[in-house]
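Fit chain B to the given chain A structure using the hints.
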Amino acid sequence: AQKVTQAQTEISVVEKEDVTLDCVYETRDTTYYLFWYKQPPSGELVFLIRRNSFDEQNEISGRYSWNFQKSTSSFNFTITASQVVDSAVYFCALSEVPEQGGSEKLVFGKGMKLTVNP
Amino acid sequence: DAGITQSPRHKVTETGTPVTLRCHQTENHRYMYWYRQDPGHGLRLIHYSYGVKDTDKGEVSDGYSVSRSKTEDFLLTLESATSSQTSVYFCAISPRTPGRSSYNSPLHFGNGTRLTVT
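First to last, the protein sequences are chains A and B.
Position 71 (the first sequence) corresponds to 71 in our numbering; numbering is contiguous.
For our numbering, count along the second sequence from 1 and bump the result up by 1000.
Excised from the complex, chain A in its bound form:
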């Protein structure tokens, strides 16, 4: 069975600090996808990144970076020089690739609330 664990439930930092959000996953499949979504106070879910299980290259997008390590089943997310606008709930999610014609189903972690104080 698939499982995503976000051990941190809430983090509070001061603006300009770096912060890392941890995500550990469990799956029996060798092919799968990992995701991060952001949910700002307005409530919508914003897609941030998708990574497939065959691509362990780290990715950087502006102040955001992601570290995928299959050896530890982790897909951690780092925000560099955090800003107040980064305050949100962040979800890590996992999807196994379905058989042909099947439907992927995302399994989400419980989310981590990040508060960035000025």
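No lab work stands behind these hints: they were computed from the structure.
All C-beta atoms, glycine included, are put in the ideal place defined by N, C-alpha and C.
Hints may be right or wrong, so weigh each one.
When the alpha-carbon atoms are kept at most 20 Å apart in a straight line, the in silico DMTMM-like pairs for lysine to aspartate or glutamate are as follows [unchecked claim]:
(1) A:LYS70 <-> A:GLU96
(2) A:LYS70 <-> A:GLU56
(3) A:LYS110 <-> A:ASP86
(4) A:LYS113 <-> A:GLU15
(5) A:LYS38 <-> B:ASP1038
(6) A:LYS38 <-> A:GLU17
(7) A:LYS38 <-> A:GLU59
(8) A:LYS113 <-> B:ASP1038
(9) A:LYS70 <-> A:ASP55
(10) B:LYS1011 <-> A:GLU44
(11) A:LYS3 <-> B:ASP1038
(12) A:LYS3 <-> B:GLU1059
(13) A:LYS70 <-> A:ASP29
(14) B:LYS1057 <-> B:GLU1079
(15) B:LYS1057 <-> A:GLU96
(16) A:LYS110 <-> B:GLU1059
(17) B:LYS1053 <-> B:ASP1073
(18) B:LYS1053 <-> B:GLU1072
(19) A:LYS38 <-> A:GLU15
(20) A:LYS113 <-> A:GLU44
(21) B:LYS1070 <-> B:ASP1056
(22) B:LYS1053 <-> B:GLU1079
(23) A:LYS113 <-> A:GLU10
(24) A:LYS110 <-> B:ASP1038
Distance windows between CB atoms, simulated [as the list claims (entries may be wrong)]:
(25) B:ARG1114 <-> A:VAL46: 13 to 21 Å
(26) B:HIS1010 <-> A:THR9: 21 to 29 Å
(27) A:GLY43 <-> B:PRO1095: 17 to 25 Å
Just chain B now, with coordinates in the frame of chain A:
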């Protein structure tokens, strides 16, 4: 904007009454999903659809039914609402097409429906 509209955005209803939530998409995507979001649980899959009149259960389907008579609409019905169904409900669509190799896009979510059962 992924072209997903959920209605209503907010609803308060009494225990025992039927409730129907609507998800409408303008993207002509085959796959549609209903998730619920609760504190401490993240998002959990209720039901999903892989085509007109083709639906299946998710992780927390008890007490819910769905229907998809048209590609663009996916309805979630609570036959007899209970207080435990107080939640925020999200609809999502997937732009993927059938075939394992074509899995290359994330889910896009609607803005959510906040349902309160008193």
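Problem set entry | Straight-line alpha-carbon gap B:LYS1053 to B:GLU1072, limit 20 Å | holds (12 Å)
For this session: Sort out whether A:GLU15 lies within 20 Å of A:LYS38, counting only the CA atoms.
Result: holds (18 Å)
Problem set entry | Given hint A:ASP29 paired with A:LYS70 - CA-CA distance at most 20 Å | Roughly 12 Å separates the two Cα atoms, so the pair holds.
Exercise. Keeping to a limit of 20 Å between CA atoms, is the pair of A:LYS70 and A:GLU96 held or broken?
Worked result: Since the Cα atoms of A:LYS70 and A:GLU96 sit roughly 15 Å apart, the hinted pair holds (cutoff 20 Å).
Exercise. Are the Cα atoms of B:LYS1070 and B:ASP1056 separated by 20 Å or less?
Worked result: With Cα atoms ~16 Å apart, B:LYS1070 and B:ASP1056 stay inside 20 Å; holds.
Exercise. Does the structure keep A:LYS38 and B:ASP1038 at a Cα separation of 20 Å or less?
Worked result: With Cα atoms ~16 Å apart, A:LYS38 and B:ASP1038 stay inside 20 Å; holds.
Exercise. CA of A:LYS70 to CA of A:ASP55, is that 20 Å or under?
Worked result: Judged against 20 Å, a Cα distance of about 10 Å means the pair holds.
Exercise. Is the Cα-Cα distance between B:LYS1057 and B:GLU1079 20 Å or less?
Worked result: holds (16 Å)
Problem set entry | Distance restraint between A:LYS113 and A:GLU10, which requires alpha-carbon spacing of 20 Å or less | OK: A:LYS113 and A:GLU10 at ~5 Å, within 20 Å.
Exercise. Can the restraint linking A:LYS110 and B:ASP1038 be considered satisfied, given a maximum Cα separation of 20 Å?
Worked result: It holds: about 9 Å lies between the C-alpha atoms, which stays within 20 Å.
For this session: Sort out whether A:GLU59 lies within 20 Å of A:LYS38, counting only the CA atoms.
Result: At roughly 17 Å apart (the allowed maximum being 20 Å), A:GLU59 and A:LYS38 satisfy the hint.
For this session: Would you check the hint for A:LYS110 and B:GLU1059, treating anything up to 20 Å between C-alpha atoms as holding?
Result: holds (15 Å)
No hint from the list above goes unmet by this structure.
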